[in-house]
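Chains as they are written, first to last, in our numbering: chain A, 376 to 650; chain B, 6 to 139; chain C, 64 to 623.
Bear in mind the hints are in silico, worked out from the structure with no lab data behind them. Just so we're clear, the structure is a prediction, and the values are computed from it rather than from any experiment. We put the beta carbon where it would ideally sit given N, CA and C, even for glycine. Hints may contain errors.
From the derived model, a few chain A residues whose C-beta atoms are all more than 12 Å from chain C [stated by the list, open to error]: (1) 409; (2) 428; (3) 433; (4) 500; (5) 508; (6) 524; (7) 525; (8) 536; (9) 557.
Once the Cα atoms are required to be at most 25 Å apart in a straight line, the calculated SDA-like pairs of lysine to any residue come out as [what the hints assert, rightly or not]: (10) 90/C / 429/A; (11) 185/C / 542/A; (12) 83/B / 542/A; (13) 542/A / 118/B; (14) 118/B / 185/C; (15) 185/C / 429/A; (16) 118/B / 313/C; (17) 83/B / 46/B.
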Amino acid sequence: MTDATAEAVHGHSGGHGHQDPIHAANPFLAHHFDTPRQQFEAGKFGIWLFLVTEILFFSGLFCAYTIYRTLDPDVFEWGHYFLDTKLGAVNTSVLILSSLTAAWAVRNAQLQQHRALIINIVITLLCASTFMVVKYTEYSHKFHAGLLPGKYFQPTEEAWEMPSYEKKNGPPPEGFLDGKPEGIEKAEKLITRGHPYKFDPPPHAARFFGIYFCMTGLHGIHVLVGMGIWIWMLVKGVKRQFGPNYFGPVDYAALYWHLVDLIWIYLFPLLYLID
Amino acid sequence: MAHDEKSAHDPHHDELAHPMPVSMLIGVWAVLMFFTVLTVWAAQQGLGSQTSFIVAMIIATIKAGLVMSIFMHLWWDKRMNLFTFLGSFLFVMLFIGMALTDKSEYNHDIISKMESDSAQAQTSTGAPTMPSTK
Amino acid sequence: MASTTTTADVAPPGAHGADDNYLTHEKGIASWLLTLDHKRIGIMYFCCVISAFALGGFFALMIRTELWAPGRTIVDADTYNQLFTLHGAVMVFLVIVPGIPAALGNFVLPLHLGAKDVAFPKLNLMSWYMWITGALFLISSLIVSAADTGWTFYTPYSTTTPTAVIPALAGVFVLGFSSIFTGLNFIVTIHKMRAPGLTWFRLPLFVWGLYSTAIMQVLATPVLGITLLMLIVERAFGIGIFDPALGGDPVLFQHFFWFYSHPAVYIMVVPAFGVISEIIPVFSRKRLFGYSFIALSSVAIAILSFLVWGHHMFVSGQSVLAGSIFSAITFLIAIPTAIKVLNWISTMYKGSIHLDTPMLYALMFLWVFTIGGLTGLFLSTMSTDVHLHDTYFVVAHFHYVMMGGAITAFFGGLHYWWPKMWGRMYNETTGRWGALAVFIGLNLTFFPQFIMGSRGMPRRYYNYIPEFQPFHQASTIGAFILGMGFLVTTVSLIRSLLKKPDAPQNPWGANTLEWTIPSPPAYYNFDKIPHVVEGPYEYADWEYDDKIGGYVRKGHQEAT
């Protein structure tokens, strides 16, 4: 099968200690690759395959969302009134900005702009932190209002006072929260006029929050993992390791980060912007 | 399939690094922000649940397309990476499509069974029991 | 040895001496646990998979012993449920799925490609640690209170049973990611690490098998991951997606589960096809018949496997529409599979067949897998499936495929590559006796189950009517013969490590790259990067040399 022609480039099996010129010139070229191009392309193809697995990983949640929204749209319409569109939009913008700085960081790594690289990675990290802080605010509001998934779903009066709900539906009728008959009567009138103000959740309303927390929670975990990766890139950037022949890690980190952004681009309208 | 051998001789790929122009990156960012504002605005226009869902998805897909082709560099990348990534969406569509088709086929069986069960329970006990889901 | 140490620094390429190979290159436990060498990781996988196989086999023998007589024989009903759950989960997730790709594949793939290692050695090691973590979770669930849901974790039982389902789910979740990363690594390796001249259609078919498997691992396993995660959340918080008591849909769970688990069936058996495609031409001394058909049929199976998951759900409440579509596509899968079997048989036709142990396993595979495959057609027909669903017929069918397909190919491949792995020849006599016992045991265990099943014996039942007792007893006797066969084989293989003879470079006269380097291979595999000029199944150049007990290339005797 073989015609064993020795190629100087490939060296011999001894490996360690006896470096060939290409490996000597590229300190970050792993021993089992022959050229920086082979290493870069392998890494790039690898990260794309990884993104494929991520898409399929999220697809389970999107499948559950699609099926339950198609068959039971009322729950989603009702549930989305408790999500704050403004906070969702802020988070969308923050992630888009971080995607810009991530893509910019790749350019910096390629051109050996060490200072700009560090600045862009830091901005990316700041955006990611902002995203998580906003997410935390949203979650804690829902925890306080008892808008929890599944068997922990126990909406309290706070739910009707949530700013997001009030903004979309106006304040609750006077006396309603105190349980006065006239308040309840007013609220019931609102419902019969097709107003979305409902104090009785539709059947299986908890499912909206189940899906909401699963989707945003899994996405949030990905943001946290991404932050870890960016801190790692920051360390490598401070050490000035990147250059035109070795920028793969920043490129892969950015691709992962864009995927996290892509998923949010769909989550935002699917959860916050239901009409 | 032998793309990896060929591309090594492609003049376009002589250099490993293809830095993106800053103007293009910022331009894409501006367009993405515009579409974000647009989608929020569109959602408040009361287009009806069907239409507004479609509009929101179209806008999201345009945004996703921009992120993929420019930020993720797929427009210039090796075709293999593009096919790999887009291929995953085929499988997602297959998964969601078949599951949804089947679920909408058998769902009314479940509902009618639940309704007949509760009707039976009503006639036998004379008391209202579990309400049907929909 | 002395001369090697003194001349190590100035040794010319290729003159590291016979003693320096990947097994002796570094010493100590840490050099194994932290190794990035694909060969050592393959060996570590192999040891773990074999241990898990012994554990799963022990559960199987417990089950069979319990079923010797109706009613209680040795364990109570709850323990019995836990036993068959653990038997299934261990055998599927710890043994068959990682068996051929992670153990044999890790060792062989870079050698087949003429590469120094897989594309991502650190990821490879991480996959192994994830396997260990997943295995620990699964086994810890055994200590707490083993899950009794069956390996399929169907809702609503899995959300309501008091046993420790969550550790088992977490274990399988982690094992899934171990499998994903192995597959990802292999795809990139096959695309980017091939030696010069090694074009796609010069690849050994084992590589094609691993490639198709890896596609399925990468595309299907993430869905298993999210399914199990959602099931964990369902059990912990009751989110009402799968649990009917909360308005969820248990049939939806089955859709999710089988979207992975049907491709998983092929994840288990397609690498086995690869092994068989390596063994049959070598031991028939004849070029493989229909190379490109076998290669592409693997890819066809990989794609089709995603379109048939609903045939597990014919009686679950799935709609008739979906059932008909899935049933029709399921029949299509028989085509690429039959193409393979017919090509293997054509390869043997007029070949000079050598009945060494690997070939015995390959012949066993052909026989047993064909029975397993053809009985699958009864099950893919909706009307007969209604009768046969959840009976022992199904149990026999998938054991013929999994056990008779994946495991026999694993052991065939193990004997085939054993000399290369360890540099030692196993004892041919005990190897053959082991193979014979496995063959007899396998058929005696599972063939009676076809008969019982078609007469209505349901699967997973603890008790049964006395009419079925003769079949159950035959099956139990068969299981013990099977166990003996594996015991004999294992002892024979372990003994070979302690005893000469050393293996020659190419004991079988194969023409793939791993046989052009010493047994066991050097740390960096190839002294010189090979330049490939012909296909993998050309044997005209190799002839047997009595002096070294192996094959040498014609005209290269002096060099060897």
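List of violated hint numbers, smallest to largest:
Violated: hints 1, 2, 3, 6, 7, 10, 11, 12, 13, 14, 17.
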